[in-house]
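Chemist: Protein chains in written order, with my numbering: chain G, 1 to 372; chain Y, 1001 to 1396; chain H, 2001 to 2103; chain U, 3001 to 3217.
Errors might be hidden in some of the hints.
Cβ-to-Cβ under 10 Å is the rule here; a few derived chain U residues that face chain G [to be verified]:
hint	residue
1	Phe3053
2	Gly3064
3	Ala3065
4	Leu3071
5	Leu3074
6	Thr3117
In silico SDA-like cross-links for lysine to any residue, where the CA-CA straight-line distance does not exceed 25 Å [unchecked claim]:
hint	chain 1	residue 1	chain 2	residue 2
7	Y	Lys1074	Y	Lys1024
8	Y	Lys1139	Y	Pro1036
9	G	Lys99	U	Leu3013
10	Y	Lys1188	Y	Ala1309
11	U	Lys3026	G	Phe206
12	Y	Lys1132	Y	Asp1093
13	Y	Lys1013	G	Gly370
14	G	Lys159	U	Arg3160
15	Y	Lys1024	G	Trp333
16	Y	Lys1386	Y	Arg1374
17	G	Lys99	U	Asp3087
18	Y	Lys1301	Y	Asp1158
Stretch-level coverage of chain H by chain U, calculated; a stretch enters the list once three of its residues show a Cβ under 8 Å from a Cβ in chain U [what the hints assert, rightly or not]:
hint	segment
19	2002-2013
20	2029-2035
21	2038-2052
22	2065-2075
23	2079-2091
Since the hints were derived computationally from the structure, they do not count as laboratory data.
Note that beta-carbon positions come from the ideal geometry of N, C-alpha and C, so glycine has one too.
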Amino acid sequence: MSIAEMANAAAGLAQFSPAPSLLEIGDSFWLSAVLKIAVVLAVFFVVPLVVGYMEHKVMGHQQARLGPMEAGPHGSLQLVADGIKFIQKEDLIPSAADKWVFAIAPGVAMVPAILIFLVLPLGPGIWGVDFELGLFYALAVGSVTTLGILMGGWASANKFSLIGGLRAAAQLIAYELPLILAGIAVALQAGTLSLVGIVEAQSTFFIPGTEINLWYLFPQILGFGIFFIAAMAELARPPFDMPIADSELVFGYMTEYTGIKYAMYMLTEYAGMVSMSALMVVLYLGGWQLLPGVPMPGCGGSGNIFDCNALGVGLGVAVTLGKIMLLTFLMVWARTTYPRLREDQLQRFSWLVLVPLSLLNLAIIAVAKGVF
Amino acid sequence: MATTSPPGVGLLKGLGVTIKQMFKPAVTQQYPHVKPDLPPRTRGVIALMDENCTVCMLCSRECPDWCIYIDSHKETVPPAKEGGRARTRNVLDRFAIDFALCMYCGICVEVCPFDALFWSPEFEYSEYDIDKLLHEKGKLREWMDTVPPPPALDEGADAPGEVATAIEKANQELEAAKAKAAEEARAKEQGEQAPAAGDAAAAAPAEPEVKAGEIDQETFDRLIAEGKSERIARSKAKAAYVKKEKQRLKEQAEQQAAAAPAAEEPKVEAGEIDQETFDQLIAEGKSERMARAKAKAAYVKKQKAKLRAEAEQAGGGDAVEAPAAEGSGEAAAGEAAPSAAPRKADIEVEGAGEIDQETYDALIASGKSERIARSKAKAAWVRKKKQEQMDAEGDA
Amino acid sequence: MSLVGPLLLATFLFCVGIYGVIARRNAVLVLMSVELMLNAVNINLVAFQNLLFPAEAAVSGHLFALFIIAVAAAEVGVGLAIVLNLFRTRATVNVDDVDLMRW
Amino acid sequence: MTGHDLAFLVVALVTGGGALLTVTSKNLVHAALFLAVTLSGIAGVFLVLAADFVALVQLVVYVGAVAVLFLFGLMLTRAPIGREALDNQNRGLGIAVSGGLFVVLSVLVIGAFGGTTAAEVGGPRVGDIGMVIFNTWVLPFEVLSMLLLAALIGAILLARRETGDSGEEQAPTRIDMGTAPSMEAERMARLEGGDDQAELTAGGDPGPAAGRGEGRA
Chain G
1 MSIAEMANAA AGLAQFSPAP SLLEIGDSFW LSAVLKIAVV LAVFFVVPLV VGYMEHKVMG
61 HQQARLGPME AGPHGSLQLV ADGIKFIQKE DLIPSAADKW VFAIAPGVAM VPAILIFLVL
121 PLGPGIWGVD FELGLFYALA VGSVTTLGIL MGGWASANKF SLIGGLRAAA QLIAYELPLI
181 LAGIAVALQA GTLSLVGIVE AQSTFFIPGT EINLWYLFPQ ILGFGIFFIA AMAELARPPF
241 DMPIADSELV FGYMTEYTGI KYAMYMLTEY AGMVSMSALM VVLYLGGWQL LPGVPMPGCG
301 GSGNIFDCNA LGVGLGVAVT LGKIMLLTFL MVWARTTYPR LREDQLQRFS WLVLVPLSLL
361 NLAIIAVAKG VF
Chain Y
1001 MATTSPPGVG LLKGLGVTIK QMFKPAVTQQ YPHVKPDLPP RTRGVIALMD ENCTVCMLCS
1061 RECPDWCIYI DSHKETVPPA KEGGRARTRN VLDRFAIDFA LCMYCGICVE VCPFDALFWS
1121 PEFEYSEYDI DKLLHEKGKL REWMDTVPPP PALDEGADAP GEVATAIEKA NQELEAAKAK
1181 AAEEARAKEQ GEQAPAAGDA AAAAPAEPEV KAGEIDQETF DRLIAEGKSE RIARSKAKAA
1241 YVKKEKQRLK EQAEQQAAAA PAAEEPKVEA GEIDQETFDQ LIAEGKSERM ARAKAKAAYV
1301 KKQKAKLRAE AEQAGGGDAV EAPAAEGSGE AAAGEAAPSA APRKADIEVE GAGEIDQETY
1361 DALIASGKSE RIARSKAKAA WVRKKKQEQM DAEGDA
Chain H
2001 MSLVGPLLLA TFLFCVGIYG VIARRNAVLV LMSVELMLNA VNINLVAFQN LLFPAEAAVS
2061 GHLFALFIIA VAAAEVGVGL AIVLNLFRTR ATVNVDDVDL MRW
Chain U
3001 MTGHDLAFLV VALVTGGGAL LTVTSKNLVH AALFLAVTLS GIAGVFLVLA ADFVALVQLV
3061 VYVGAVAVLF LFGLMLTRAP IGREALDNQN RGLGIAVSGG LFVVLSVLVI GAFGGTTAAE
3121 VGGPRVGDIG MVIFNTWVLP FEVLSMLLLA ALIGAILLAR RETGDSGEEQ APTRIDMGTA
3181 PSMEAERMAR LEGGDDQAEL TAGGDPGPAA GRGEGRA
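Next up, chain G with everything else stripped away, as it sits in the complex (with noise of 0.2 Å):
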């Protein structure tokens, strides 16, 4: 036994164990590989379809318009309209663009939005891998989407892209530390990093003295609006959208782009709203747990979120994708009613509201777990 092991033992942490994934089908890795690659491809283009139809309606709705009404019953097919036309459309690129740099921004904006989906759990057994880093893997690759925006901001050769590049980039860097910090708290309380265990962690954690489950948004509600807010930011959502401020520079780092460059930007961004609001989900709002302490039909296992049969599979899958809705609607709804920010006022309060904050929660959190 090796001192880490013997440390281990004596902090009362065991080695971690990946929760199998119910794509695994039997001893075949290609099968698998494949089934999870066709998974996480099916959520990202879908479910983002969905999101933004959402939030077409609801802005509509809360504008006194009706929103899309032509493409299918209720516009509901008005993203892949949307998506069909962008797919028609002439690809420009300007003649003083930097031409490689340009063609392949989109691309290294999206491919991390896309590999986060890989850790994220949807429900009891369905994810792609249960990462024993999971939590800081997706932050980290969620933190390569700004390279692409600058990329794109800085190749387009056009004084707003790159502007709005450089606003980009200085957002995303300022919200990744409380968004980061947010969710160090978290893990602290979870002890352990992997999605899934903070998923098992928050059915396991009672009030001190008593036997009433809760998730973690209770203890963390600072940590929840926190990472909320930092969350809205790292995406550009209004009102912190000031790199694509459409009043002031065009579009931004998107000013340039057209046709399936544009879609590809577009589609990072109500990924991103996914992923985040699916990260939210899995760190304070308990997964895919219907209410906290309430066993999940057809479910057994540990904290009776594992172990579940095919009704049990299907509600987690539902409760996971209902509760990325009502956040989803949450910034939308932020979306509609807040003026934009000024860039001054986003940096300023980042570092001088959001930062203190965050360290404050991870100290009352620290305290707190070591108390109890």
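Once you have looked at the hints, place chains Y, H and U on chain G.
Modeler: Relative to chain G, chains Y, H and U alone:
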């Protein structure tokens, strides 16, 4: 001092506003599926009633965008009367409005003196090609069908100017004829002749009015079935109804006439139309509006002729005189009337726009301007008339 | 897995970094080359730890790699601040031009 | 040649190619982007070496922050294009030194570890790293955090435009940008001629033109 609320309350209030708005009904109009509810006199597009156009070019000249194109040629019209002068008139060849240039100011509609241009509420005439927005008179004429009828007059309002004039004129002539008839009757009475026709005329039942606005359902259905537009069908059906009604009334009148041969129409009703003329014009493809106007004129003319004939009948052997009196024109009629009914003379004399030809010629010859000459001649005419009237009174 | 591969890659990156430091005149590029050299060292540390002493409990290789990453981040932050300041005062970022201390 | 070796070969080629292009690229921004590729490749190398945590730290710190910081630096200063603007006259020397060093080190490495292979690639779990940091290495760790804090404050002080005492802001640098991205030669000529459009922040410096003039003389 403004009341301060704890920070964040404003943010929540904002969220409340948007969420409340979300459950209120939207104000969107689903346009292509639901037609907009436009005000009745909406200015959508300019329609042309080409029969009314006299190629005066006023619209084209007033147009700030110069978007009206008019071509015409002159035609010589044979003299209306034997020995008269042949006249020329303009015939419209082309009337086009370029709606790509038009700014919908409506000056052309305002300026048209002959009611040839109208605002139509039609607005769905967009094109993919800007060239196709140049619309010729055929298309402009089609839009005429979408022009709503003029708004109804207020209760108790004066009749429109042209109608009032027509009525007045007809009444004048009627009065003149009556007066003449009465005079003749008096003359005859003096010669111990038959009783006055005038009384009989007064006693005769008036022709019942034909209600405008009713349509002949049969005709309407048939036309709709033929694919005519609803408006055209309606107008034709109206005409058909009027025709039928007139036919019926005529038969009735004939029956009455057979019963009372002396019956005649006491008064020329304004608004009545001559069905024959109307039908003929409609059959010629003239617009309903035009046909109606002409038919009205024709009716008035006919009525006059009828009255005259009756007067002649009543006058018996003096028939030779009457045409001569008519032939001397309206002045003669106007002159005759005051002698019979002096109380109306002042008004009629003042209201008339007749000029004294002698005075006019003299003034023109002495180098006065046409305008002055005309006004002085008018004054002279009135003076003369009054003189005559006074003389007549003196005679009486 | 062979240990030589990572070590050779590290060597290559280190030499490329040296070339960059010598041959580049733009201060930002020089900083980049320094980063390359630091990363080469990181590869060495991790490779030795994981391939040569996998059962070692002290995991010093990983730790030093993490420390180097942290120091490198600090170095880049300060370095770029200096370069920015240099650009403000001299309107140039060429290291050749910054020779005020040369006698 | 195992699967690990094959995977390593692929990421190593990407990494090495990226590094080579970083130091030879004629475009400053391209160089920074190639550096990002190199750093991502190194993260890949760490993954192949089963060092997940280090790989992710590499991704966050280097690709997500340092590369972006470099790009920032390039865009805030000017990014001239062309070999003359980026390289000095020491290319031959650089090739000689680095080439010689590479040969020597390669021979050494192959001689020392030529036959060493690991049967199984495995690394410590993140829990182990945490335990070691906060047990054995806690003092260096704390010192490192102090270093980071010092670097943070230092960088802010260096980059701020304010002067130390009054806190007043100095006039921003005005720079004649020229008409094309690469006007280095022209600008230099103008500097030499004393017709300097670049207005410099005060600091007791006699100014580059005068300073250089003395230096050259």
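Chemist: Indicate, hint by hint, whether the structure satisfies it.
Modeler: Hint check:
Look at phenylalanine 3053 of chain U: its Cβ gets to within about 6 Å of chain G, closer than 10 Å, so that hint holds up. Because the closest C-beta pair between glycine 3064 of chain U and chain G is about 3 Å apart, less than 10 Å, the hint holds. About 7 Å separates the beta-carbon of alanine 3065 of chain U from the nearest beta-carbon of chain G, less than 10 Å, and the hint is met. For leucine 3071 of chain U, the interface hint holds, the least distance from its beta-carbon to any beta-carbon of chain G being 5 Å, beneath 10 Å.
Given hint, leucine 3074 of chain U at the interface with chain G, holds; its Cβ is 9 Å from that chain's nearest Cβ, closer than 10 Å. Below 10 Å, beta-carbon pairs count as interface contacts, and threonine 3117 of chain U has none with chain G, the closest being about 23 Å; its hint is therefore violated. Our distance criterion of 25 Å between C-alpha atoms is broken by lysine 1074 of chain Y and lysine 1024 of chain Y, whose separation comes to about 64 Å. A threshold of 25 Å between alpha carbons decides the hint, and for lysine 1139 of chain Y with proline 1036 of chain Y the separation of about 23 Å falls inside it, so the pair holds.
A distance of roughly 24 Å separates the Cα atoms of lysine 99 of chain G and leucine 3013 of chain U; the hinted pair therefore holds under the 25 Å criterion. Note on lysine 1188 of chain Y and alanine 1309 of chain Y: the hinted pairing holds, with a Cα-Cα distance of about 17 Å set against a maximum of 25 Å. This hinted pair does not check out: lysine 3026 of chain U and phenylalanine 206 of chain G have alpha carbons roughly 60 Å apart, beyond 25 Å. At roughly 20 Å between alpha-carbon atoms, lysine 1132 of chain Y and aspartate 1093 of chain Y fall within 25 Å of each other, so this suggested pair holds.
Proximity of lysine 1013 of chain Y to glycine 370 of chain G is assessed by CA-CA distance (about 39 Å); at most 25 Å being required, the pair is judged violated. Proposed proximity of lysine 159 of chain G and arginine 3160 of chain U is supported: the alpha carbons are some 24 Å apart, at most 25 Å. Proposed proximity of lysine 1024 of chain Y and tryptophan 333 of chain G is supported: the alpha carbons are some 15 Å apart, at most 25 Å. About 18 Å separates the Cα atoms of lysine 1386 of chain Y and arginine 1374 of chain Y, which keeps this hinted pair within 25 Å; it holds.
Our distance criterion of 25 Å between C-alpha atoms is met by lysine 99 of chain G and aspartate 3087 of chain U, whose separation comes to about 24 Å. Proximity of lysine 1301 of chain Y to aspartate 1158 of chain Y is assessed by CA-CA distance (about 23 Å); at most 25 Å being required, the pair is judged to hold. Residues of the segment 2002-2013 of chain H with a Cβ under 8 Å from some Cβ of chain U number 11, which satisfies the need for three, so the listed coverage holds. Check on the segment 2029-2035 of chain H: 5 of its residues sit with their Cβ under 8 Å from a Cβ of chain U, so the three-residue criterion for coverage holds.
Judged by the Cβ-Cβ criterion of 8 Å, the segment 2038-2052 of chain H is covered by chain U as claimed, because 9 of its residues qualify and three suffice. Requiring three or more residues with a Cβ within less than 8 Å of a Cβ of chain U, the coverage given for the segment 2065-2075 of chain H holds, as 10 such residues are present. For the segment 2079-2091 of chain H, the assignment as covered by chain U holds, since 11 residues bring a beta-carbon within under 8 Å of that chain's beta-carbons and 3 suffice.
Violated hints, listed in ascending order, are 6, 7, 11 and 13; each of the other numbered hints is respected by the structure.
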